[in-house]
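Peer 1: Please work from the sequences and hints to get the whole structure.
There are 2 protein chains.
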Amino acid sequence: MKISVITAFPELMRSYAASSVLGRAVSSGKLEVRIIDVRDFSHGAYRQIDDYCYGAGGMMLMAEPLAEALESASGWGKPYVVYPSPQGTHLHQELVEDLSRKEHLTIVCGHYEGIDERFTQKYVDAEISLGDFVLTGGEMPAMAIIDAVSRLIPGVVGSASSVTEDSFYGGMLDTPHYTRPAEWRGEKVPEVLTGGDAKAIERWRRRRSVERTLERRPDVAARAGIIPWLSGGAYVVEVHY
Amino acid sequence: MKISVITAFPELMRSYAASSVLGRAVSSGKLEVRIIDVRDFSHGAYRQIDDYCYGAGGMMLMAEPLAEALESASGWGKPYVVYPSPQGTHLHQELVEDLSRKEHLTIVCGHYEGIDERFTQKYVDAEISLGDFVLTGGEMPAMAIIDAVSRLIPGVVGSASSVTEDSFYGGMLDTPHYTRPAEWRGEKVPEVLTGGDAKAIERWRRRRSVERTLERRPDVAARAGIIPWLSGGAYVVEVHY
Numbered sequence: 007m008k009i010s011v012i013t014a015f016p017e018l019m020r021s022y023a024a025s026s027v028l029g030r031a032v033s034s035g036k037l038e039v040r041i042i043d044v045r046d047f048s049h050g051a052y053r054q055i056d057d058y059c060y061g062a063g064g065m066m067l068m069a070e071p072l073a074e075a076l077e078s079a080s081g082w083g084k085p086y087v088v089y090p091s092p093q094g095t096h097l098h099q100e101l102v103e104d105l106s107r108k109e110h111l112t113i114v115c116g117h118y119e120g121i122d123e124r125f126t127q128k129y130v131d132a133e134i135s136l137g138d139f140v141l142t143g144g145e146m147p148a149m150a151i152i153d154a155v156s157r158l159i160p161g162v163v164g165s166a167s168s169v170t171e172d173s174f175y176g177g178m179l180d181t182p183h184y185t186r187p188a189e190w191r192g193e194k195v196p197e198v199l200t201g202g203d204a205k206a207i208e209r210w211r212r213r214r215s216v217e218r219t220l221e222r223r224p225d226v227a228a229r230a231g232i233i234p235w236l237s238g239g240a241y242v243v244e245v246h247y
Numbered sequence: 007m008k009i010s011v012i013t014a015f016p017e018l019m020r021s022y023a024a025s026s027v028l029g030r031a032v033s034s035g036k037l038e039v040r041i042i043d044v045r046d047f048s049h050g051a052y053r054q055i056d057d058y059c060y061g062a063g064g065m066m067l068m069a070e071p072l073a074e075a076l077e078s079a080s081g082w083g084k085p086y087v088v089y090p091s092p093q094g095t096h097l098h099q100e101l102v103e104d105l106s107r108k109e110h111l112t113i114v115c116g117h118y119e120g121i122d123e124r125f126t127q128k129y130v131d132a133e134i135s136l137g138d139f140v141l142t143g144g145e146m147p148a149m150a151i152i153d154a155v156s157r158l159i160p161g162v163v164g165s166a167s168s169v170t171e172d173s174f175y176g177g178m179l180d181t182p183h184y185t186r187p188a189e190w191r192g193e194k195v196p197e198v199l200t201g202g203d204a205k206a207i208e209r210w211r212r213r214r215s216v217e218r219t220l221e222r223r224p225d226v227a228a229r230a231g232i233i234p235w236l237s238g239g240a241y242v243v244e245v246h247y
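Protein sequence lines, in the order shown, are assigned to chains A and B. Numbering-wise (my numbering), the first sequence opens with residue 7 and increments by one. Numbering-wise (my numbering), the second sequence opens with residue 7 and increments by one.
Don't read these hints as lab results, they were simulated from the structure. Just so you know, not all the hints are guaranteed correct.
Stated by the list, open to error - These stretches of chain A come out as covered by chain B in the derived footprint (C-beta under 8 Å, 3 or more residues):
(1) 123-134
(2) 139-152
(3) 190-201
Note that beta-carbon positions come from the ideal geometry of N, C-alpha and C, so glycine has one too.
Peer 2: As structure tokens, this is what we get:
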């Protein structure tokens, strides 16, 4: 998979591309990431990439440098262009899976008041938001999208099970997890988890998962359809409060 | 304001703290950010910070190194502890405003299957999610939270108007924005925006904002209460489709 990022703040994106989990994916050749500095496509004596917003004040990125930056990335195949913006669709796991199947994902990072709407209309395939809050630019969402997408590439996360057993794959919130020591600062790990009865552990995890989802995210419980989770039997009564 | 970040991947967080907008906030003294490497609080010959999950497999962060890392940050005043996790409350602008009023925000980054639930129960004040998608760790959400919070600190973003005029402050999605040139690759800026009639511009912006919100995020329109937006008069009919 290939990912291009068009940004006016390339250093942060470059240190991200070189770091941690993503660094391993990149160095193993499973993922190619190219950071494109929009300033390389500026024009005139002042190397301008932004200008005042018509009728509103505030600064925004101009269409031409972004378009030229995008055209420079076309050697990697037709880009699927994502523009992170608070006006976009909320990112969710199905959309992440969708993006992970693109051959060449290109993320255009806005700043200030955003980017010229004519660029968005002409080139952007998906406007994506991380949620109803305001960020200084598109770099954080770009990193979050790359992180979420890259972990679906086989071999990037340690084992397939750590992808498939994660939150939301069953449609419910994840259960609480515990590790050693069995007693820590007076608090013990729930006995069932250290008991070695695999069926009892599975029952406990499902029950906690359903309980948690009902407590914290009833919307998710509704979406997931709680019925298949309850069909196993005995724990139905326990979660039915 | 003070922000501590407890992480097993300190380099990325350090390059973030030194970069772009946040770097300016930090160097101007308006924000102090401390990156705490959880490995500095590991024990034993192997400097272990993670271990197998009871009853599930997968690796997770142990409670003791996290607790000691947290205690090491207490010199900055009582921390308000945020743990980014897919099981948390979705981040939204009101929550960001809330966090921006904390004296000492501390973000604990999980990895793998997460962190020991006993640590969460004992120390975490808020479990916060960026949305229903899975990331490799808490570093991306930590950066997004810091970015969103720090831009509310007076003087961090260029002008107060760029904070207050942004998306969601009026409860609606932002309007499209345009900048020079007035004609770009055959596409013109909407005439009203270049005309200089401030009232007409304001009317156009409100109408597009309401239209966009109805098209893309009817949930937001419902939450914002569309009535005050329509009370201005003439454009009511135009958006009422």
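Peer 1: Decide, hint by hint, whether the structure agrees.
Peer 2: Taking the hints in turn, this is what the structure says about them:
1. 123-134: holds (count 5)
2. 139-152: n = 10 at 8 Å, threshold three: holds.
3. 190-201: holds (count 7)
The structure agrees with every numbered hint stated previously.
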